[in-house]
Amino acid sequence: MMKYVALIAATAAIILIEVPSLWKRRLIKDLWVFSSLLLLGVGLVMMRFLNLHIPNPVNGIDYVLQPLAEAIFHYLGGGQ
Amino acid sequence: MIEKGKISHRQLTVLTLLYTIGTSILIVPSIMSVFSKQDGWIACLVGIAVNLLFILIYSTLAGRYPSLTLAEFSEKIVGKWLGKAISLFFLSFIFLLSAFLLRVVGNFMTTHIMPNTPIEVTIILFISVVIYAVRLGIETTARAAEIFLPFVIALFLFLTVFLLPQIELDRVEPIFENGMKPIILGAFYCFNLQEQVILMMLIPYTNQPRKAKKALLAGTVLGSVVIITTVLLSTLVLGTEFTQRNMYASYTLAKQISVGNFLQRVEAMLAILWLITIFFKTVICVYAVSLGTAQTLKLKDYRTLTLPFGLLLVFLSLLVYDNIISFIAFTPKVFSLYATIFMVLIPVALLGIDALRSGLKEDQST
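Protein chains in written order, with the working numbering: chain A, 6 to 85; chain B, 1001 to 1366.
Check the hints yourself; a few may be wrong.
[As the list claims (entries may be wrong)] With a straight-line cut-off of 25 Å between C-alpha atoms, the simulated SDA-like cross-links for lysine to any residue are:
id, chain 1, residue 1, chain 2, residue 2
1, B, LYS1214, B, PHE1156
2, B, LYS1298, B, GLU1003
3, A, LYS34, B, GLU1003
4, B, LYS1004, A, HIS79
5, A, LYS34, B, LEU1088
6, B, LYS1300, A, HIS79
7, B, LYS1298, A, TRP37
8, B, LYS1300, A, PRO72
9, B, LYS1300, A, PRO25
10, B, LYS1211, B, PHE1156
11, B, LYS1300, B, LEU1056
12, A, LYS29, B, LYS1214
13, B, LYS1084, A, LYS8
14, B, LYS1298, A, ILE20
15, B, LYS1300, A, ALA18
16, B, LYS1255, B, PHE1162
17, A, LYS29, B, ILE1002
18, B, LYS1084, A, ILE33
19, A, LYS34, B, LYS1298
20, B, LYS1080, A, SER26
21, A, LYS34, B, GLU1072
22, B, LYS1181, A, HIS79
23, B, LYS1214, B, LEU1056
24, B, LYS1004, B, PHE1156
25, A, LYS8, B, LYS1255
26, A, LYS34, B, ARG1135
Derived from the structure by calculation, the hints contain no laboratory data.
So that you can see chain B by itself, here it is in the shape it has in the complex (with noise of 0.2 Å):
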């Protein structure tokens, strides 16, 4: 085993709650209200329902394997080299997730909070912290989630609250003016902006492989909670059209809050809780890809792989896109049929060839 620390079952649930909050929380509420207009709150309800759904395929095809990572058992299953070479082709995603992750961080910084530090800046320094934990290991990682977890608890309930006076319930009617079909658009892009299927790479290293079932289950429905929280509220509070014209939709959100015109400009807590989250969706993305190349090349350490990564992370991220007019034009539409083949295509096949091998046997042994 490469990697030696194990996290509990809670450390678990904590890390697939940041994760699930991740980038969503800024960039999701927009993405709903173009496509599925007021109705966004359920084309997100939906999305996650199937989010969970999928939940359970990926814990029944790692509790089949309860002590490997998805880059060694891949070569189980499918033989050594096609099994390489899946882990590789899932790495690649992984590897370019985790660059657009830093390239948000990037761009919601420069745009929002600091407009005159250049994007390489904030990059460099955001995958350098990054990296620290990743090479501290994920038993750190998971002691640091569970540190700030009622932090970003509490950024969102002050949000939510000091939200509450300006909802406008006649915003989100009328509910389904354009029938379904916008609605599953909407949870089409909202089910493959979560990318549960990573968390995977964290299932070997719990206490009970075995019920890592529950612990991501309870993390998604958590986090899920919160975003759609922010959905409903966008739409409430901003209406549609508002929301759709503003990129990170759920900052603005934070703009409206004025408690007797004392308690004003609150948005950089939403910035401080959106940090917060994408920092740990970053670690773990980047913890998965350092991981799981060590294990596909059967290197002795992970962590030697990390500082190379840092450098062509911090590359890419600059490479991925020309500017934010063509991040807009890849994001949730071609991003999700990209992701879709990893969230959907290789588990749900890994597990059927898995599930038939073994009945194979079975027959034979009988």
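With the rest of the complex left out, here is chain A (with noise of 0.2 Å):
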């Protein structure tokens, strides 16, 4: 219970640090990506603390790149 209030207070502090000042200068595109990007965060740390399933980024850069790594890493001798 308590990570969520942890979250949700972190979440208004960010909005009370940020938004009065964007709103008073009228910036609305930075208003937008502030938000979507605040939105992303939140639904992302939800996820985590529900135990969802969060597809992991390096495990993506690893699928791509491993073939030419290890045939990189064997022709240099690395597995000696």
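Relying on the hints, combine the two individually framed chains into one complex.
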């Protein structure tokens, strides 16, 4: 339970720090980018709290580059 | 211009120096001795030579657009949409790198310094300070770097001098035991762990962008001296096998210091040194990614993005590795190839296209 409270408190603090000044300066585009990034962040953290599966970008990179990386490694005698 | 701050020539050198020492001082000795055995220091030397060569490419590229960062001049070079795509791709690399740096701090603190504190706490505290520094801007960060630099140098000299009595020169022998191949492999990994390309984002904010080349070269050379010394000392004092078995070899190295059974257990000094340098490396990375995103999306202020990015970075740093085994499997082998895309392919391609285009323009005008 504590972690949800902490997440909500952190999100509220971030909104309180940023939104008033953005709104005052009428930076609508900045506000859009800010809100979508914050929403993405809160959503992902919430998914982690609920133990939902989140794809790991590192696994994707690993999948694409692994064969070439292994080839370089073995060519340069790394397997010895 | 989103960022109004300006840093001097000397401040860029200091930032480059701290950036180069960065994570490398702690993780490079072990990686070098795993792949190049006792020739790790030669591999490091080769890697740094390649690094200096690429700094020339980066500063030539940045020198063509002295008032713009990579996020801005990529649009000028390859057109609006392709340029934006390249910037975002590049920024995703810096973002992921920042998450890796955060995780390395978390891993080190929980395994060596504060085992009872959850890794999340370390990471959140660290990113809070980083975000604070990024919001204050590059000028403030550069001045802080100047203040911290004497401490870093003093701590490093202290550690080096007290390790000198324990050196045994026969530990680096035989030199070139396995030929050139392992040295090239080590050099490839060493080069890709430096990520100097991100410093290109700072060049437009120096007093004289055209002279940034000298500052970058000087900073990298000085930082590399520290790294090569650490790699060499690890081999000379601990020996190859013991260095291989320690993930943070230089930390173990600092534990060896014992002066007359009186001055002992000074390894926390190395941890302080490393925390200072990785702090500046993370600040530069988070700063680059916030500024770059704001420029790519044409926002008015990069500071707006820092707090949501902080939240995302904490999340990502906990997601990237399941455990230390997956970190070891990924970091030198696959990461080096991934980093090559951004450290070699993109800058060289941009420079080539730009040179070709300006060549064509000159042909038409004459």
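How the hints compare with the structure:
Among the hinted pairs, LYS1214/B with PHE1156/B is consistent with the structure: their alpha-carbon atoms are about 24 Å apart, no more than 25 Å. Between the alpha carbons of LYS1298/B and GLU1003/B the distance comes to roughly 13 Å, so the proposed pair stays at or under 25 Å and holds. In summary, the hint linking LYS34/A to GLU1003/B is supported, as the alpha carbons are separated by about 18 Å, within the 25 Å threshold. Using a Cα cut-off of 25 Å, the hinted pair LYS1004/B and HIS79/A is violated, with the two alpha carbons roughly 49 Å apart.
Proposed proximity of LYS34/A and LEU1088/B is supported: the alpha carbons are some 18 Å apart, at most 25 Å. Straight-line distance between C-alpha atoms of LYS1300/B and HIS79/A comes to about 49 Å, which puts the hinted pair past the 25 Å bound. This hinted pair checks out: LYS1298/B and TRP37/A have alpha carbons roughly 12 Å apart, not beyond 25 Å. Distance restraint check for LYS1300/B and PRO72/A: the Cα-Cα separation of roughly 43 Å exceeds the 25 Å cut-off, and the hinted pair is therefore not satisfied.
In summary, the hint linking LYS1300/B to PRO25/A is supported, as the alpha carbons are separated by about 15 Å, within the 25 Å threshold. A hinted pair counts as satisfied when its Cα atoms are at most 25 Å apart, and LYS1211/B with PHE1156/B does not qualify at roughly 29 Å. Of the supplied pair hints, the one linking LYS1300/B and LEU1056/B is violated, its CA atoms being roughly 32 Å apart against a limit of 25 Å. Of the supplied pair hints, the one linking LYS29/A and LYS1214/B is violated, its CA atoms being roughly 43 Å apart against a limit of 25 Å.
Straight-line distance between C-alpha atoms of LYS1084/B and LYS8/A comes to about 37 Å, which puts the hinted pair past the 25 Å bound. Distance hint between LYS1298/B and ILE20/A is fulfilled; the C-alpha atoms sit about 21 Å from each other, no more than 25 Å. Taken as a hint, the LYS1300/B and ALA18/A pair is honoured in the structure, with Cα atoms around 22 Å apart against an allowance of 25 Å. Between LYS1255/B and PHE1162/B the alpha-carbon distance is near 11 Å, which keeps this suggested pair within the 25 Å criterion.
This hinted pair checks out: LYS29/A and ILE1002/B have alpha carbons roughly 18 Å apart, not beyond 25 Å. Taken as a hint, the LYS1084/B and ILE33/A pair is honoured in the structure, with Cα atoms around 21 Å apart against an allowance of 25 Å. Distance restraint check for LYS34/A and LYS1298/B: the Cα-Cα separation of roughly 9 Å lies within the 25 Å cut-off, and the hinted pair is therefore satisfied. With a CA separation close to 30 Å, the supplied pair LYS1080/B and SER26/A exceeds the 25 Å bound.
Pair hint LYS34/A plus GLU1072/B holds up; C-alpha atoms about 18 Å apart against a cutoff of 25 Å. A C-alpha spacing of about 10 Å is found between LYS1181/B and HIS79/A, which places the hinted pair at or below 25 Å, so the restraint holds. A distance of roughly 9 Å separates the Cα atoms of LYS1214/B and LEU1056/B; the hinted pair therefore holds under the 25 Å criterion. Using a Cα cut-off of 25 Å, the hinted pair LYS1004/B and PHE1156/B is violated, with the two alpha carbons roughly 34 Å apart.
A threshold of 25 Å between alpha carbons decides the hint, and for LYS8/A with LYS1255/B the separation of about 37 Å lies outside it, so the pair is violated. Between the alpha carbons of LYS34/A and ARG1135/B the distance comes to roughly 20 Å, so the proposed pair stays at or under 25 Å and holds.
Checked against the numbered hints given earlier, this structure breaks hints 4, 6, 8, 10, 11, 12, 13, 20, 24 and 25; the rest are met.
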